[in-house]
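*Asks:* With the hints as a guide, bring the two chains together.
Keeping their order, the protein sequence lines are chains A and B. Each residue of the first sequence is one higher than the last, beginning at 2 in the working numbering. Each residue of the second sequence is one higher than the last, beginning at 22 in the working numbering.
Rather than coming from a laboratory, the hints here were simulated on the basis of the structure. Remember, predicted model here, so these are calculated numbers, not experimental data. Glycine included, C-beta positions come from ideal geometry on N, C-alpha and C. All clues given are correct.
Some chain A residues near chain B, calculated using beta-carbon distances under 10 Å:
#1 Tyr56
#2 Cys89
#3 Asp93
#4 Glu110
#5 Val113
#6 Met135
#7 Met145
#8 Ile161
#9 Asn164
#10 Ala171
#11 Leu172
#12 Thr182
#13 Met200
Computed list of lysine-lysine pairs in DSS-like fashion (alpha-carbon distance at most 30 Å, straight line):
#14 B:Lys402 - B:Lys389
#15 B:Lys197 - A:Lys189
#16 B:Lys416 - A:Lys170
#17 B:Lys377 - A:Lys170
#18 B:Lys216 - B:Lys86
#19 B:Lys389 - A:Lys170
#20 A:Lys170 - B:Lys86
#21 B:Lys382 - B:Lys311
Spelled out from the first residue to the last, the chains are:
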Amino acid sequence: MMALDLSQNKHADVSYDEKERLFDEVKADERWHHVLYGCYECGICVASCPSARFYDFSPRLIAQAVAREDADLIYTLMSDSIWDCSQCFSCDRCPRQNSPGQIITIMREVAVRNGLGTAKEALQGYGRIIYKIMLTGSQVSPDMLQPDAFPDWGTHVYEIAENLEEWRKALPPETLHTTETGWVIDDKTIIELYLIWHMTGVMDLIEGVDEGLYDIIVDVMEERLEEAGYDDVTFD
Amino acid sequence: MIHLPIVKAADRQFEADPNNAPKDDLREELFQLEKEGELEVIRVPDNYIELKTKYGRIKKIPVEKTWHHKSCGQCGHIPGYSSSIFWLNRQFGLDYHDPTDQTSCTAWNYYASATSNPEAQAAVAIRNFAAAHEVGYFPLIHCGTSFGHYKEVRHALVHQHGLRRKVRKIMERLGKKLVIPEEIVHYSEWVLAMKDRIAERQTVDMSNITATVHPACHYHKLIEEDAIYDSEIYGAQRTAIITGTLQALGINVGDYSTWYDCCGFGFRHILVSRDFSRSFSVQRKIEVMKEEVNPDVTVTHDTGCVTTLDQSQFAGRAHDKKVGIPVMSDSQIAALAMGAHPYKVLQLHWHNADNKPFLEKLGFDVDKIWSEFQAEVDLIKAGKKDFMTWEDAEK
Numbered sequence: 002m003m004a005l006d007l008s009q010n011k012h013a014d015v016s017y018d019e020k021e022r023l024f025d026e027v028k029a030d031e032r033w034h035h036v037l038y039g040c041y042e043c044g045i046c047v048a049s050c051p052s053a054r055f056y057d058f059s060p061r062l063i064a065q066a067v068a069r070e071d072a073d074l075i076y077t078l079m080s081d082s083i084w085d086c087s088q089c090f091s092c093d094r095c096p097r098q099n100s101p102g103q104i105i106t107i108m109r110e111v112a113v114r115n116g117l118g119t120a121k122e123a124l125q126g127y128g129r130i131i132y133k134i135m136l137t138g139s140q141v142s143p144d145m146l147q148p149d150a151f152p153d154w155g156t157h158v159y160e161i162a163e164n165l166e167e168w169r170k171a172l173p174p175e176t177l178h179t180t181e182t183g184w185v186i187d188d189k190t191i192i193e194l195y196l197i198w199h200m201t202g203v204m205d206l207i208e209g210v211d212e213g214l215y216d217i218i219v220d221v222m223e224e225r226l227e228e229a230g231y232d233d234v235t236f237d
Numbered sequence: 022m023i024h025l026p027i028v029k030a031a032d033r034q035f036e037a038d039p040n041n042a043p044k045d046d047l048r049e050e051l052f053q054l055e056k057e058g059e060l061e062v063i064r065v066p067d068n069y070i071e072l073k074t075k076y077g078r079i080k081k082i083p084v085e086k087t088w089h090h091k092s093c094g095q096c097g098h099i100p101g102y103s104s105s106i107f108w109l110n111r112q113f114g115l116d117y118h119d120p121t122d123q124t125s126c127t128a129w130n131y132y133a134s135a136t137s138n139p140e141a142q143a144a145v146a147i148r149n150f151a152a153a154h155e156v157g158y159f160p161l162i163h164c165g166t167s168f169g170h171y172k173e174v175r176h177a178l179v180h181q182h183g184l185r186r187k188v189r190k191i192m193e194r195l196g197k198k199l200v201i202p203e204e205i206v207h208y209s210e211w212v213l214a215m216k217d218r219i220a221e222r223q224t225v226d227m228s229n230i231t232a233t234v235h236p237a238c239h240y241h242k243l244i245e246e247d248a249i250y251d252s253e254i255y256g257a258q259r260t261a262i263i264t265g266t267l268q269a270l271g272i273n274v275g276d277y278s279t280w281y282d283c284c285g286f287g288f289r290h291i292l293v294s295r296d297f298s299r300s301f302s303v304q305r306k307i308e309v310m311k312e313e314v315n316p317d318v319t320v321t322h323d324t325g326c327v328t329t330l331d332q333s334q335f336a337g338r339a340h341d342k343k344v345g346i347p348v349m350s351d352s353q354i355a356a357l358a359m360g361a362h363p364y365k366v367l368q369l370h371w372h373n374a375d376n377k378p379f380l381e382k383l384g385f386d387v388d389k390i391w392s393e394f395q396a397e398v399d400l401i402k403a404g405k406k407d408f409m410t411w412e413d414a415e416k
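Bound conformation, chain B alone (with noise of 0.2 Å):
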């Protein structure tokens, strides 16, 4: 008999190596492309933790200076999402600012439509980028295609010397210079950076609660040397993001079979072809969870991934399908677990899936803290108030 060495997979050691890793370090060749005088680094200021990523580089996440590239899909439909990011920087008293002077990625359109093209593309990317280092500060990006997509764009500026021609170009008409960013910062990475100080102030005990993750597509299979790997959390087999963050505040993370599919989102069917992205969405991911894990919460950190999670579970229980979990992001767990009140921070009145079960499990009484989102709005509707501040969110 041969006895080969054989070892258990559980058993083995994953430890990522990056003077092997299988792709070069676009960084260095960044800064070398500065160096000849072809573009501009915005370097990450000064006050940064350092993160590992999938061929074990180092990531510099910035705590703060930070420029909020919001989301359109956030912002819109799910707004709570991003007042929980901004909520935490607040509480933190960190130095950020929220500009006017951003647009979208437009890359939602351009994965639905293809009605755009690398130039644009890139040009929008850099005029964002530009409006950040012009009022000094660094871009964090808050949606996950946003994150993909700029991680694309700087790659393909950083190869393709067209195109750099082509946007620089395009720069000078606008005034701008042609800036890249030295990391592409999303920012359930800053999240899971700061998930040791979220730990030390949380006042809402989560260890109850056992929840599923889901990883948006965009953020770790594009340019997935870029995404965040801890041989603690899974081996370093998946990415780290949410995971990571979930445990620091002691919520039980469950696993479930289906963790690598998408959502269903698929950019154009999520607006015209939603039989898809609902079908896709309860039977591969919602209908699994619940029945492999049965989890009280889906945290994720996208905006697609939120948007077609909760709300595709609407005409799954018109269907009998087992669904009925409630889906937030990482942004609004963290914030949650520091105190943020539910409806005036996090808004969760903006989402479709039954979150009351949950909510009761912490301990909250829904009638009461609806009520006093409420008052905030009747006040509002009277004319009483213009709008709700930062510090009636508070109260």
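One chain only, chain A, in its complex shape (with noise of 0.2 Å):
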């Protein structure tokens, strides 16, 4: 099991103001006030978890340390801790109406967009989920099934990644004849998705964690709204 970094040595310090600084952006997130009510210390929430049986993360302690705005763990959390968490918010059955689960998802936000150094090493390997998701809106795509990306699902990976033209033709819905995306999306429709993504600043996200990656989305996303008469519409 991994333990928690207590000591710091995994991840830079930084002055106690910066991390009140952070705190302070969790909790002017418009859902802070519907996440955490108190603790009553049950541990339901540890003993419904995921997470907490393969690694040393406990949604309690994130619940208790952000309960006590002890700045100093919630920092040490932010950058280690919360990236443990299966998202998968078995934690709702806390008798206090506290979700550990969400109060992670706005940290993770927070941690994403002050380009913290543990983002970045939590999202290592996923930049290529990243540029399918914001340039397909498909978040996985058939021709991922590659024997090099799940090694561990076995030799069947091989039979789909050697058949795969042919036995996405032998499917019989007919938007489903893709290898680069799930279905068949329309143009218009993927030009909506990246003029969301304009619009909310999402790209900006994208630039604090993986600078590379960003440049290389924009460019492509920038040609194509071109291409549709968007030429006021750039990412800079």
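*Replies:* What follows is the structure, encoded as structure tokens:
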């Protein structure tokens, strides 16, 4: 089991003021007042939590740290534990109506928005997924089923990869004859998705965790937006 | 001695009373916001079936005029899941729409990486809802995470004026309205609502089958008051989803002690930290099912759950774990019961755990049905046909 790093050797320490500033960002989230009401210390959240069984991770610790406004511990958790959470929301069965999973969702957003080094580490290897979802509107695609990407899924991944084109054509629904996306998605739909990314500032988050990936995605988006008549839309 | 009126749990009847529900009915607030001109509600089409939710409220499940909000994980990696849903609709001659003006909900990425924000997530949801409304159909959500996430989005939009304002502005730029469905409906609720009609047309006897059930976390743990419950299924102490369908098909559903546990998907973990997903799935779910029930199949109703429970067994086998349970969706089981082809429609060759013993127990000649599918693939490879059609799938 990987132990929670309380020594702060695994991530850069910052000033207490900076820790408080990060926590203030968490508390400023509109969801904040609906995810934390107190803690009985009953442990129901931990008993339900899949991550608690395999990591040095505790949803109760998260709830108690934020309830106590312990900025030091919150920073440690934000730099480590929050990425262990499975986001299954089994902890929502809390008798006080807390949602440690939702608290973590907010903490993760703050970690990404502020480009914390540990957020970058947690998302290492995840770049190809961000590339796919931002550009195609589809998180995973048939052509991702490659043996080098899923060696632990066994030999049938080889068989799928070898027969991919034909097996996709041997699907009765006409919309599923695709390999790069899960189904046929209209160009107009993709352009609308890019406009949503533009208007909501989502690409700034990606720039914070992976600048190179950001540049690649933005180039593709701007080119397609220009072709669609949106010359004025740039991500700079 | 004091005699207390102790009632054994097994004898206790639980009847949910909507008048004493601990949570408000969001739909009332939704219609109030519509009256105030804040948004437009997409009504459930007239042809619907009523089911009950956790606190005894009625939920309308549309039978047809459904707009199929597909799942990226299902369509991408386990496509027989989706084709079985469409096959069922076609068998009943129902009017449905399989859109190309649809993106994924993008929530898998949000829960995995947090590289998004509530405005973007809500805007993606409303764009899809608006696309459905524009063509006159009602959204039917295939993915459990999309379903849970859209319930969260609807809840947030009803309660957060600021978020509504931002999303309305985005929709105006896209030339769309801020529309929200009266009900957020998961396909497995549709399957459950249709269970008696499916059972009426059942051609494959499944009475010798024992199954275990895994309900998706994002189905019944997120906005739990919107999940389907039935006093005749687990005494309404657990969601009736999947179990009600399987029992209607004559399948024996076996109980196991880690029923509530998640599958181990983890969103981020299944993609970049799969040691966790594999361990949890095998040790907390598959091995427990095997030990306590030894089922012929385990049935679930979500993208991530089918993927994790199925794919994790390969590594488990290498470590001599007690694995070897085929994993399917309720839509696949329902289609199979009605005579769908296991490879042409259910597309079981995309699944990992060995499903041949299960098919043989149902009386299928596995070599024969595989060669029927392979013949279609050979024609495609030889350039003699472009695609396998629905008509080909019926042969």
